[in-house]
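Peer 1: Each chain, written out:
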Amino acid sequence: MRLKITVDPQLCIGAASCVTVSPLFFQLNDENKAVVLAHGEGGGSDDRTYERIVEVDEAKKEEILLAAQSCPTSAISIYNEDTGEKLYPA
Amino acid sequence: MNTEYLIVGAGVAGTTAAEAIRSRDAHGTIVLVGDEHHPLYSRVMLPMVADRRIPPEKALLKTEGWYGEHGIMFLRGRRVARFDGVARRAVLEDGMEIAFGRALVATGGRPRRLDVPGVRLPGVFRLQYLEDAIGLRDGARGDAVVVGGGFIGLEFMNAFRHYGLPTTLALREPRIWEHLLPPAASAFLEAHLEGNGIGILRDTVPVGFVGDERVEAVRFSGGTTVRADTVGVGIGLEPNLHFLENVERSARGVMVNEFLESPTAGIFAAGDIAEFLDLSAGHRHALGNWYNAREQGRTAGLNMAGERTPYHQVSSYSITALGMNVAFIGDVNHEGHETVPRVTDDSYGLLFLRGGKLRGGIFMNRIPDRKPTLELIRRGTVVSGHVAQLADAAFDLAQLSSTI
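For the protein sequence lines, the chains are A and B, in the order given. Residues 4 to 93 in our numbering are what the first sequence spells out, letter by letter. Residues 2 to 405 in our numbering are what the second sequence spells out, letter by letter.
Warning: the hint list may mix true and false statements.
Said to hold, decoys possible - Under the rule of at most 20 Å between Cα atoms (straight-line distance), these lysine to aspartate or glutamate pairs were calculated in the EDC-like manner:
#1 K64/A to D33/A
#2 K89/A to D11/A
#3 K63/A to E84/A
#4 K64/A to E84/A
#5 K358/B to E339/B
#6 K63/A to E376/B
#7 K63/A to E88/A
#8 K63/B to E132/B
#9 K64/A to E20/B
#10 K59/B to D11/A
#11 K59/B to D139/B
#12 K89/A to E70/B
#13 K63/B to D11/A
#14 K7/A to E88/A
#15 K89/A to D50/A
What the hints assert, rightly or not - Now the stretches of chain A that chain B is said to cover, found in silico as 3 or more residues with beta-carbon under 8 Å:
#16 17-31
#17 74-80
FYI, nobody ran anything at the bench for these hints, they're computed from the structure. Every residue, glycine too, gets a C-beta built ideally from N, C-alpha and C.
All chains should be built: construct the whole structure from the sequences, respecting the hints.
Peer 2: The following block contains the structure:
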């Protein structure tokens with residue numbers, strides 16, 4: 004399935020919980036904001052990719068949802084791109 | 002009342018535990034007791050409330066209806082007076098008795114109070130509860146003093162700078178983070194604060210707050226008096242453990258194993274008051290940060306519902322100090338570690354090694370070091386042959402984490 008992952012850079016404080024839970028999909032940039040990776044691709048220090056659509060299996064989807072739930076400032080939102088359903092925050 | 006699961010403490014650890022239990026046990030009765038009246042909110046977002054980046058309701062992580070929708074009985078604004086781990090019985094302060102099958106203690110701490118004259122004057126703030134952040138938002142003005150140089154102290158400095166208040170920081174210690182950092186690292190952080198206009202008083206504690214309607218000055222040990230219209234006090238937390246009976250504990254917490262279960266079967270602990278066996282650090286300690294509290298709550302909840310999942314996480318904590326990122330990753334206890342500095346004119350890093358492996362890191366203005374450090378710790382990579390590269394502040398640690 005395809006997920007849309009978004010990070011609100013205004014809310015992100017660079018706590019990096021998401022990076023800890025799911026290093027394949029999140030990284031910090033040089034402004035200490037989380038950016039969204041494509042299965043480990045991207046994420047240079049000047050990356051500003053705060054939104055990305057990724058193709059994932061069920062296990063990866065669960066990992067990404069856990070990463071979003073772990074964010075202490077609720078800066079991450081997850082959508083099912085195929086149905087448009089908002090998965091988190093529900 | 003009888004319940005299968007009792008959770009004492011409705012912060013992020015307790016609430017996440019309730020959620021995890023429900024994900025594995027659709028019907029077991031869950032009672033969640035918390036002394037605040039709000040649904041779960043993020044303490045990490047309180048500084049955002051204090052400086053008006055967000056309205057208070059945006060800090061709420063659960064809705065009013067969430068608890069009922071998940072079959073969780075939320076006893077809010079209530080406190081446990083007695084808790085007997087062997088008899089499996091708790092009594093609330095209002096007299097209500099609860100018999101339980103399994104229980105989680107996740108009560109965290111309350112701000113340590115300064116016991117000096119004038120501490121209750123308007124204008125003297127703490128920063129632990131949503132109301133504190135709203136009070137600070139509405140009441141910060143004039144000249145400011147911050148008492149205590151810990152993480153809360155840094156958040157006060159961030160907020161006071163946002164409001165443009167001239168600020169003095171008072172440290173009980175001779176230097177900031179004396180117990181966390183070597184002297185050169187403390188000097189680096191102090192230089193950053195002073196470079197941003199913060200005045201620092203050292204080796205001193207408040208002996209009184211002066212004022213009639215509102216605080217006007219702080220009197221310090223040693224005789225110094227500093228004018229202050231606003232004071233932020235952050236001098237640490239005291240663990241909420243006084244109600245526990247027949248539960249093995251230390252001065253700081255409830256003793257639990259890597260499954261977060263105490264030797265008293267059926268009693269679990271999570272968050273700031275869990276003195277847990279940390280598999281990634283190799284010893285027992287308690288950690289006080291959001292990530293740890295949330296993940297421990299989840300693990301404890303799963304185990305209470307019958308799983309057998311060890312808590313195995315590399316701890317990480319990050320804070321902004323007047324625009325500079327400060328991060329702690331893994332085990333940063335100096336005892337038994339070899340340390341390797343990574344220092345430039347505008348950054349300071351310190352790596353902690355033991356047994357040839359990377360165990361932890363402290364990073365000030367060194368964001369790119371964070372993820373590879375986490376990876377190297379998590380994988381247990383032997384780095385002893387690479388100390389020269391670790392000590393080279395210009396060397397990209399990601400090269401190590403991707404090649405060895």
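Peer 1: Out of the numbered hints, which ones does the structure contradict?
Peer 2: Of the numbered hints given earlier, those the structure breaks are 1, 15, listed in rising order.
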